[in-house]
Amino acid sequence: MVALMRVIKFALQNFRRNFWISMITASILALALVSVNLLLAVNVLAGTAVRAIESRVDVSVYFKPAVGEGIVKNIRSSLENMPEVRAVRYVSADAALAAFRDRHTDDELVVGALTEIGQNPLGSALIIQAASADHYPVIMRAIEQPAYQDYIDEKNFDDYRAVVGRINTIAGRVEHFGFAISAVFALIALLIVTNSIRIAVYTRREEIGIMRLVGASSAFIRAPFFLEGLLWSVIAVAATAALVLAGAGAADPSVARFFEGTTFSLAGYFREHALFIFGAELLGTWVLVLFAESLAMRRYLKV
Amino acid sequence: MIHFKGVTKIYPPDIVALRNVNLHIRAGEFVSIVGRSGTGKTTLAKLMIAEERPTKGSISIGNWDVAHARPSDIPLLRRQIGVVFQDYKLLPQKTVFENVAFALEVCGAAPARIAAVVPQVLRIVGIDHNAERYPRELSGGEKQRVVIARALVHGPKILVADEPTGNLDTINTREVIDLLCRINDFGTTVVLVTHNREVVNSLRKRVVTLDHGTIVSDHEEGRYHI
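Going line by line, the protein sequences match chains X and W.
Mapping of the first sequence onto this note's numbering: residues 1 to 303, in sequence order.
Mapping of the second sequence onto this note's numbering: residues 1 to 226, in sequence order.
Isolated chain X, as found in the complex (with noise of 0.2 Å):
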């Protein structure tokens, strides 16, 4: 216990005699880390993104007027036991042509037609989703089986999958020069935090050498310098805590215009997971510092 006391004291001790080297290395970890944090939301986007468009794909199919509401609605059962289908939405003729009349409301054309007409034109439809945007193909071919062709006036399929393919290789790309970036970051993170402690070990030399005369041990020496380490890697994570969540919280106006309709938040996001993205990289900030300082110690600290 009184040594470790006193290895914290010793950790403080050469943080404040080292202030602005502290300062400077664990603004150089937060960069690192900020890059790494812009690298997740972009993934976090791309990911939603992908997700607000599968979402909007569907196939609606078109029945003829004459198809009685029984034989839609079986073909609905049949299709909800596909494993490949996640939801089927019934619309009713009358619904549907109450739909229509509210989209042409202010077409005088359209309303006149109908009201010469004096019947509803439209037959009722099933709005199907997929469970998957791959499960498409599968779900059409079930549709246009022959058993089903003399029911079915029109079938609609909006696909989307190229959008998705495209969103899905541009957030690689941009993953992948994220990974680049985050890369170059901790190589310069690295050297920095090396550099740091070989200058701290060098300002307190005569110390070291001292402890060394007198008998202490090589893990008390080396300890405040992991312990300082430690206090690197907490501000540079506080600090990029801070950035991060102010970031999102001034971009989420603009994810909210880009994702209408959706409630997803990129601040919402990383306070959700807040414990997680920032004690993982607590924890990966403080293995490269050991890292780095283990590489310092042990050109100049030959106990």
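Some hints here could point you the wrong way.
Stated by the list, open to error - Selected chain W positions facing chain X (Cβ under 7 Å, derived; list incomplete):
| no. | residue |
| --- | --- |
| 1 | P75 |
| 2 | V83 |
| 3 | A103 |
| 4 | E105 |
| 5 | V106 |
Hints listed in this document are in silico derivations from the structure and should not be mistaken for laboratory results.
From a predicted model like this one, the values you see are computed outputs, not experimental measurements.
We put the beta carbon where it would ideally sit given N, CA and C, even for glycine.
Guided by the hints, dock chain W onto chain X, whose structure is given.
Frame of chain X, contents of chain W only:
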């Protein structure tokens, strides 16, 4: 107590500091290691505290095999050997008391022990009245007393003093040597590395003379003759 058997130390690439040194120092002895500059005296002292490892041969101190000690054992060995250097090696931002206490602090001693031992050791070396002063406020002789106090604070069985009077005037030299003799009288083995002829001749104790890394003479009541 201290055994050097066939010890050779070669610094890369081929600088021979010690050559086949055989030396036995008994417990409680006061031994002066003398010789010209560069004859291996300091290397001999460094080998005793495991700051250097021999290229060949073995060194044992008590039950310690110093030549082959594991790195984790070296701090324990150093707590049993007090070391005094010519250049003091005091921390300028610490007071006399703190400098001496530092040796105990870094070895995990309890605050109560530090509070009890440090004033006692400062009294022994006669520097207790300067406990709150900083090294820059002390004379060379006083600084060397602080260094000796720091070396004694662990209660070592051996005190190795490498040129402790190198920076001191005649009066301070005499005082420091008297202090080392008193420490020796308490039963501590003292190894004094020096090239100060007057000091060696006045001691009338064992003198080991080194020349070009080899022991050329070893006399129980020796004199400085090179």
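Hints and how they fare:
1. P75: At 4 Å from the nearest chain X Cβ, P75(W) passes the 7 Å test, so the hint holds.
2. V83: Cβ of V83(W) sits 6 Å from chain X, so the hint holds.
3. A103: With a closest approach of 4 Å, the A103(W) hint holds.
4. E105: Since the shortest Cβ distance to chain X is 6 Å, the answer is holds.
5. V106: holds, 4 Å
Of the numbered hints given earlier, the model fails none.
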